[in-house]
Every structure is written in structure tokens, then in C-alpha cells.
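Protein chains in written order, with this note's numbering: chain A, 1 to 154; chain B, 1 to 787.
Since the hints were made in silico from the structure, they are not lab data. In this text, all values refer to a predicted model and were calculated from it rather than measured experimentally. Warning: the hint list may mix true and false statements.
To be verified - 30 Å max Cα-Cα, derived DSS-like pairs, lysine-lysine:
1. Lys145(A) x Lys430(B)
2. Lys89(B) x Lys126(B)
3. Lys274(B) x Lys126(B)
4. Lys564(B) x Lys122(A)
5. Lys122(A) x Lys51(B)
6. Lys122(A) x Lys571(B)
7. Lys119(A) x Lys55(A)
8. Lys614(B) x Lys625(B)
9. Lys122(A) x Lys723(B)
10. Lys153(A) x Lys723(B)
11. Lys50(B) x Lys22(B)
12. Lys119(A) x Lys126(B)
13. Lys153(A) x Lys120(A)
14. Lys12(A) x Lys22(B)
15. Lys126(B) x Lys122(A)
16. Lys571(B) x Lys587(B)
17. Lys430(B) x Lys126(B)
18. Lys55(A) x Lys443(B)
19. Lys80(A) x Lys55(A)
20. Lys119(A) x Lys22(B)
21. Lys453(B) x Lys443(B)
22. Lys431(B) x Lys145(A)
23. Lys625(B) x Lys153(A)
24. Lys145(A) x Lys453(B)
25. Lys115(A) x Lys153(A)
26. Lys564(B) x Lys145(A)
27. Lys568(B) x Lys625(B)
28. Lys22(B) x Lys145(A)
29. Lys22(B) x Lys80(A)
30. Lys115(A) x Lys614(B)
31. Lys120(A) x Lys571(B)
32. Lys320(B) x Lys274(B)
33. Lys126(B) x Lys95(B)
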Amino acid sequence: MPAISMTVNGEKVCGDVEGRTLLVDFIRGNLGKTGTHVGCDTSQCGACVVHVDGKAIKSCTALAVACDGVTVNTVEGLAKNGTLHPMQEAFREHHGLQCGFCTPGMIMAGIDIVKRKGKKLKEETIREELEGNICRCTGYHNIVKAIQAGAAKM
Amino acid sequence: MSDTGIGARMLRKEDHRFITGKGRYTDDINLPGQAVGYFLRSPHAHAEIKKIDIKKAEKAPGVLCVLTGDDAAADNIGGVICGWMIHSKDGSPMKAGPHPVLAQGKVRHVGDQVAVVVAHTMAQAKAAAEMINVSYNVLDANVDPVASQKRGAPQVHDVASRNTVFEWELGDKAATDAAFSSAAHITTLDLVNNRLAPNAMEPRAAIGSYDAGEDHYTLYTTSQNPHVARLVISAFVGLAPEHKLRVIAPDVGGGFGSKIFIYAEEVVCLWASKRAGGVPVKWVADRSEAFLTDANGRDHVTTAELATDSNGKITGLRAKTIANMGAYLSTFASSVPTYLYATLLSGQYNIPNIYAEVDAVYTNTSPVDAYRGAGRPEATYVVERLMETAARELGMDPAEFRARNFVNSFPHQTPVIMCYDAGDYGASQKKAMEMIDYAGFEKRKAASARKGKLRGIGFSNYIEACGIAPSAAVGSLGAGVGLWESAEVRVNPVGTVEILTGSHSHGQGHETTFAQLVSDRLGIPADQVAIVHGDTDKVQFGMGTYGSRSGAVGMTAISKALDKIEAKAKKVAAHVMEASESDVEFKDGTFSVKGTDKAMAFGEVALSAYVAHKFPTSEIEPGLKEGAFHDPTNFTFPAGCHICELEVDADTGVTEIVDWVAVDDFGNVINPMIVEGQVHGGIAQGVGQALTEAVVYDEGGQLLTGSYMDYCMPRADNLPSFKLGFTTTECPSNPLGIKGCGEAGAIAAPAAVMNALTSALGVKDVAMPATPQNVWNAMAHLREAAE
């Protein structure tokens, strides 16, 4: 099995993986970081979104071996020294989550939207940009509000 | 009102773990030595199993065991059951076919579980499953519920001739027929309530673990009601008695009904763990498996009629419904198209005569059971589509037609069992009309027309029966269980509190709202309250979460236990403060003696109760812990008015919802922020049903919507922001005055959308989901008129 190494949430990690191992399985299975979720098998739901070298990707669609040497950030790496990331705080403040399952992907996608589109986000922009993230609980109403508020504070 | 008491918009206590990635869902749990279970599923909708050859698979690398239906039979593993008995009009009991945990002799839908492979890794299990040789005798499939009762239709179960589970009725047929005979006007609609996949974002999962040393099983599962799962697996499947089975439902990523039911995979993981020598067996559904095997919702075909007199008053309602049950009767399937449906056909209106007939049928499709709203969305769809259509046919404003027929004195006994206890339907409609500027609609419609858009507006004045439910009442209607709830309040010596509840939270925010109740009652901060749920070893018993019951029933049980805590603490405080018990008052977390400056904080009294130095333990037991069971005295009746405004692009058939107002009456509200979130999510699911979602099988019973590529979940850009308002009539049947809010949006929304859409297009009906193609087809008359 190929050996790979990468930096995850600032820590150097390594492991042996099969060629077919997905990045999400490496993160959840090998590293035990279970904040990143799997909600579908067709890259539609976005529960598995992480940042690879600063860009949001769906970790269910990347092979772990293809991510050798990259820098990965997951939801577990957002809070620094016990202080929540503004996007995490905004989801809490605006009740942007209910069951919590899509939430890590939503937060990671939200941060990525801000990186690409700036801190002043229109409702319409956020709704369009969330095309790759599905939530079944919130009707998106409060997620949109949370991302808008989180963006302004980033 | 304190920051953490009843009515406060308190932020959720559970959020921290979810936003930091520390939630603990079933798939996040890994037990030492754990193996995986992989289910070989039927590729056919309907087939006899002639032979299953597992020899090669058993010897494949990494395989611990391969089990089939024959093994289950040999081990006396019973099937899963339907827990609600319905009788047909002729008095005969419903025809429930067997539902083995692994197929025996026959498969009845694509995805039916045929065998399980237990192996060290998923790759090994899948490779071994490829080596299982199943020879099938493929049979014709029965897919269309309407055709399923016809002569010659393929028979799904031998016990159910004409594929008919029951032919049930409710109401007075003769009186209703008489009302129709003398009606001034009759409105008729043929409606299809489309089949939906619940799609909780967390797929179902289970870990079964058998401890040979203790002869004891543990099941981790994605359940809305772990105690009911334990009861069924013990008493009906017969795997192990209840004291030898622990069921844990940790964080659960949404349910919407689909995780109420007891599924075969849960049983198989437990049993397979024993067969594999005590190795824990984990199964996690992938999304395709979820589409194949999660119980679906809705799937009714209905002809409905409304009779009115010459004054625009309703004189009768008739409905004939065919309800698709799928291939097996799921846990509560039979109650959904009967007592959760036809009992709500009076809507918010005075309808003196109602008669409903429901035929439940088997088809070679996955089972259908409760999905958010469960029967009540179907009823609301019938009633509210009839109301809007009748108003148009009578040339009346739909709001005025509704107002003329509202129930406005309470209690109100409908002709279909329910007794509405409180409500003000006129108030919610009036407020909703103001919020959406109903008067200004024609102007907005004209403005839309100038942009080439067809604008429509539609009402949905729903009512639901929640707080499910008085045990004796549901027992008389066929329920196999009582629908009370239990609670235990454990006060620690330092005055912090643990609440053990039989309700289960999978997104509803119980850790917050239940703590708010305790904070309010005991005068302690909400962060000194922990809510314990979802573990049969911790919580003694409970009926779980569905039917918007956790507030009205679950919290009332907590409230009753808190009454007992307060009463005992008063006794303790009286002794410690050397006062008469009748002179002790409790307010804002302090026990004080009337007319003196003697006072003790709640925490001090708790400590005194445990130290037990200053009261006679022969009269008062040490400690401070109380439990209660609450059985509701009536259903609760949340109701409200939703108004949808939408635009249709005449060139493309694309529908865009441009405004949405929801005015709901949920009785008293514990946390408005959480209640609003429930409404948002419910509306989104209802809009999904109306515009995007449908489970589709082809004629051979192959599922065409087996992934998110084919089943269109509503995305953020399919939905607007919602405008919410509230009116309040307190619920008289529980001390908190709560009615429940979890299902309202999903119940109200489909009719609101379709009333708006048919108003925009000037047509009687459009099939749900109103995809651009369906809308385009419905606009043919407009294109012809333009030519």
C-alpha cells in the first residue's frame, strides 16, 4: 500500500492507504477526525467538504494518494486556542444548524465562498454558491443568514 | 422572562459540538475489533429465490460469516412487524405479509435484503458478496398502486388477495351521500400525492455487538425511538429479552419519520455479531441504499369531492384514496393513511358530513410509512386544494370562502373523530393576508405580466393533530403501544440537574428547550441542566420523537416530575428552616418562609436532601430524584395559514417562489428561534414535494431515482427567505399550553404552492412535483390561446 503524508489542521500526518482510499476515509478512518461527514455517494450533498491547499473540495471525490503532500483543513481545525472561527460562531448565533450533520460541510463551504466572493455577500450569491451543499433540516433560511453574518466578521 | 427561561431565544447548547466537528453519530463510533456488514440486495422487484449458494463467499479472504434467510429461520430470528392493526369495513383484520430480516423464498422490491456478508473490511465484504450465487425466478412486478387491485395483477403477498392490505372507511356514508345529493355545487379533484424519500442527511447506520460473557447485546443505531426499537427487537423479533439488549441512539442526523421504524439491518447486525463470535458488526447505508430501503412517504391517489350549498357553506366532503404501502408493512405504516389522514379531513372548517374510504395496497416497491407530517400533509392537500378550487368555481375569494366556513367555537367535534380544543383560524389568516399584502396582489401580478411572468398566489390553511397521543384512544384505534412519555429528574447534591427523557433529539434542540423548562421552573441557569436521552440503559423507557410530540408530551412529563421535585424539596426545606411546610414558598430558585427572612437556594435544599441530617428519614427519604409518566388527554391541534406567491416563466415553465408568509398557532412557545427553524425546514420539505421531489420506479419496479443525481432535493436557490408570524391560543390539554411545531411547514406547504401555481396558470391541477416539464405541459392552453 502506498505511504502518504500531508498536513492536516497544522499537524504532519502520514499513513498507508490503498489506491482506492478516498480522502474522506483517510480523514475519518485513519486520522479519527469524524467531523467530516459522508452524506451521499455522488458528490452532491457537500457534507464532506474540506479545504485542500486553501480550496474547498469534496473529500469523497478525492483519492487519498492524490492528496500526498497537501495541506488539509477540516472543521476540527477552525477554532484557534478555544476561540471559534467567525463562521462557526455565526452558525451558532443564527441557528444555522439543526441535526448538525451537514454543518461541517456548510461551514467549510461558507468560508470558501467568502474567500472567493468577499465579505459582503448578497443573499442571492450565497444561495447560488450553496448549490453543492444539501441541508434537509433548516430550509437554508438560517444558513444563508449565518454565512452572510460570518462573512462580515471574517 | 429570563435569558434561559420559557420564551427566550436562547442559543442552542448542543451547537458547540456540531460546529466544531465533535458530534458523535453512529458512523463516528468504532468498537474494538469491529467488522463490517454488507448486504447483498435484490436486483429484481419481484422474484422467487430458487437457491442461494454462499460456499465461495464464505471462503473469501477476510470473511467471518455469510448469513441468509434460512439461517435466520434456523436461529428463530423473527421478522419485523407493523404495530398498528387496522380493520377493513367488513371487520376483517389487515393482511400483513411476513417481513423477514433476510428474504425467505421471495424478494419483493429492488433492494430487498437477501444475504449479509460480515468481513474485516468493506472491500472484502463487497468482493465476497460478488461471489454469492443467487438463482432467481423473476416474476412480473406490481408497481402501480391503482392497478394493483385489478384481476391478474402480480401478487406481492399470498395473504393479501388483490394486493389489498385493508379497505377501511371513516365517517357516515349515508349522511354524506345525502349531503352531496342536495348540494348546490360539487367540486371534484383527482389528486396524486407523490412518493417522497425522507433523506435525512445522515444515512441509516447500525453497530450490533454481542457480549458472550454476559449473553448481552448492544445496538448503536440511527433511531428516533431507541426504546421502541428495543421493545420490537425483544418482543417480536425475539432476539433477546429487553434486559439483555441495550439500544443506543447517539447523535442522529435528522429523521423526519424515517428513523422511527425498526429496520431489518438493525436486527441483522446484532444477530450477525453473535454468529461472528461476538465481533461487533457495523453497517452504514450509502445514499443509494437509503433510496432503496428507507421507508418512503406519501404515495396516495385520491378522488376528492366537496359539496357546498347556495350560500357558499360546505355541506359535505368525500374522499376515496388508494394508499401505496410498498412491499411490506413498515412499523407504523397502516396508521398513516387512516387515523393520521382521514381524521384531519375536516381541516379548519365546519363540515357536517365527511366520508373517507382508504384502500391500502401492496406493490413491489420499498415500504411507505410516516414521513414528516404523516397523513396530515395528505389530508391538508386534499382539503386545501378542494377549498381553493371550490372558491374559484363559486366565483368567491378563496380567503372569504374559507372564512365563511371556519370553525370558530371550541371545543369542536368533527365528524371524523377529532375534537378540536382551541384555535383562532380567522386570526392567523388575517395576519397572513396583511403580511403578504394580499390586497396588493393584482398590482404585483400585473407587474409580473409585464416581465412575461405568470404570477399566482395560494393559501393553505392547515390543521394537524399532534402531541401523539392519548394511549387509550390510540389503543381503541388499533395502536399496539401506548403513546405516553416518561421523564426522570435527578437533582445532584450541588443542585445541578440531569433530565432523563424518553424523547429523542435529532435536530430539534431538546438539550436547549428542555433545559429552558427546567431553568424556568427551578430558577437555575440552563447550563446547570443536562439532558440525557437515547440510551435504554440510562433512560428507563420512552416512546421517542415523532408526531410533534416532544414538547406537548415529553416536556409535560418533565414538568410533572419537576412538580414532584418541588413538592419534596419543600418538605426538606421546611424541616431545615424549622417552618411549617405550608409556609414555604418557592420562587426564582429560592425556598423562603412566608413572613420571615429565612430563605434557602435550590442548591442548598438539594444538598440538605442528600446530607439528610435535618429531617426524619423515616418520613422523608434522602435524596432528590423523581420520575413521571405523562399520558396526554387529547391530541393537540396546531393550525395556521401559509400563503405562497410565485412566478412562472411562461417560456420555460420554471417556477420561482417569490414570497412566503407563514402564520402559525403553536400555542405557547419555549424557544421562538428553534420553532422558527422548524417551520423553515418544514416548508422547504413541502416545497420540495410540490416542485422538485419524487420517487420514481419504472414499469419493472427498478428505482429510477436512486441518487441525488436523479432525486431532486431542494437546494438553497430553490427557496426564498420565509416571513413568519405567530398567533397564539394556548393548548388546554397540557399544563405548558404547547401544541407542537415540527411538522407544520411540511403539512401546509404543498397545497400553498400548488394553489398558487394553478392560480398563475389558470388550470385546475398540475401534477406534483411541478417540474418545468409538468408546468410547461400544463400551459398548453395558454400557448394555444396565444397562437
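Going down the list of hints, with the structure as the test:
1. Between the alpha carbons of Lys145(A) and Lys430(B) the distance comes to roughly 28 Å, so the proposed pair stays at or under 30 Å and holds.
2. A threshold of 30 Å between alpha carbons decides the hint, and for Lys89(B) with Lys126(B) the separation of about 48 Å lies outside it, so the pair is violated.
3. Restraint check: the Cα-Cα separation between Lys274(B) and Lys126(B) comes to about 21 Å, which is no more than 30 Å; the hinted pair holds.
4. Of the pairs offered as hints, the one joining Lys564(B) and Lys122(A) is violated, with about 52 Å between alpha carbons and a cut-off of 30 Å exceeded.
5. Proposed proximity of Lys122(A) and Lys51(B) is contradicted: the alpha carbons are some 61 Å apart, above 30 Å.
6. Using a Cα cut-off of 30 Å, the hinted pair Lys122(A) and Lys571(B) is violated, with the two alpha carbons roughly 59 Å apart.
7. Restraint check for Lys119(A) and Lys55(A): satisfied, since their Cα atoms lie roughly 17 Å apart, inside the 30 Å limit.
8. Of the supplied pair hints, the one linking Lys614(B) and Lys625(B) holds, its CA atoms being roughly 18 Å apart against a limit of 30 Å.
9. Using a Cα cut-off of 30 Å, the hinted pair Lys122(A) and Lys723(B) holds, with the two alpha carbons roughly 18 Å apart.
10. Between Lys153(A) and Lys723(B) the alpha-carbon distance is near 25 Å, which keeps this suggested pair within the 30 Å criterion.
11. For the given pair, Lys50(B) sits about 48 Å from Lys22(B) by alpha-carbon distance, which is inconsistent with the 30 Å threshold.
12. Restraint check for Lys119(A) and Lys126(B): not satisfied, since their Cα atoms lie roughly 46 Å apart, outside the 30 Å limit.
13. Pair hint Lys153(A) plus Lys120(A) holds up; C-alpha atoms about 10 Å apart against a cutoff of 30 Å.
14. Annotation: proposed proximity of Lys12(A) to Lys22(B) holds, straight-line Cα distance about 21 Å (limit 30 Å).
15. At most 30 Å may separate the alpha-carbon atoms for a hinted pair to count; Lys126(B) and Lys122(A) exceed this at roughly 46 Å.
16. Only pairs whose Cα atoms come within 30 Å are accepted, and Lys571(B) paired with Lys587(B) is accepted, the gap being roughly 15 Å.
17. The hinted pair formed by Lys430(B) and Lys126(B) fails the criterion: a straight-line CA distance of about 59 Å is larger than 30 Å.
18. As the CA atoms of Lys55(A) and Lys443(B) are separated by approximately 46 Å, the hinted pair breaks the 30 Å bound.
19. Our distance criterion of 30 Å between C-alpha atoms is met by Lys80(A) and Lys55(A), whose separation comes to about 19 Å.
20. Only pairs whose Cα atoms come within 30 Å are accepted, and Lys119(A) paired with Lys22(B) is accepted, the gap being roughly 27 Å.
21. Between Lys453(B) and Lys443(B), the direct Cα distance comes to roughly 13 Å. Compliance with the 30 Å bound is thereby established for this hinted pair.
22. The suggested pairing of Lys431(B) with Lys145(A) holds, with an alpha-carbon distance near 25 Å, which does not exceed 30 Å.
23. Restraint check: the Cα-Cα separation between Lys625(B) and Lys153(A) comes to about 45 Å, which exceeds 30 Å; the hinted pair is violated.
24. Distance restraint check for Lys145(A) and Lys453(B): the Cα-Cα separation of roughly 28 Å lies within the 30 Å cut-off, and the hinted pair is therefore satisfied.
25. Taken as a hint, the Lys115(A) and Lys153(A) pair is honoured in the structure, with Cα atoms around 13 Å apart against an allowance of 30 Å.
26. Between Lys564(B) and Lys145(A) the alpha-carbon distance is near 42 Å, which puts this suggested pair outside the 30 Å criterion.
27. The hinted pair formed by Lys568(B) and Lys625(B) meets the criterion: a straight-line CA distance of about 9 Å does not exceed 30 Å.
28. Proximity of Lys22(B) to Lys145(A) is assessed by CA-CA distance (about 23 Å); at most 30 Å being required, the pair is judged to hold.
29. A C-alpha spacing of about 15 Å is found between Lys22(B) and Lys80(A), which places the hinted pair at or below 30 Å, so the restraint holds.
30. Straight-line distance between C-alpha atoms of Lys115(A) and Lys614(B) comes to about 64 Å, which puts the hinted pair past the 30 Å bound.
31. The suggested pairing of Lys120(A) with Lys571(B) is violated, with an alpha-carbon distance near 59 Å, which exceeds 30 Å.
32. Proximity of Lys320(B) to Lys274(B) is assessed by CA-CA distance (about 48 Å); at most 30 Å being required, the pair is judged violated.
33. This hinted pair does not check out: Lys126(B) and Lys95(B) have alpha carbons roughly 36 Å apart, beyond 30 Å.
Consistency with the previously given hints fails for numbers 2, 4, 5, 6, 11, 12, 15, 17, 18, 23, 26, 30, 31, 32 and 33, ordered from lowest to highest.
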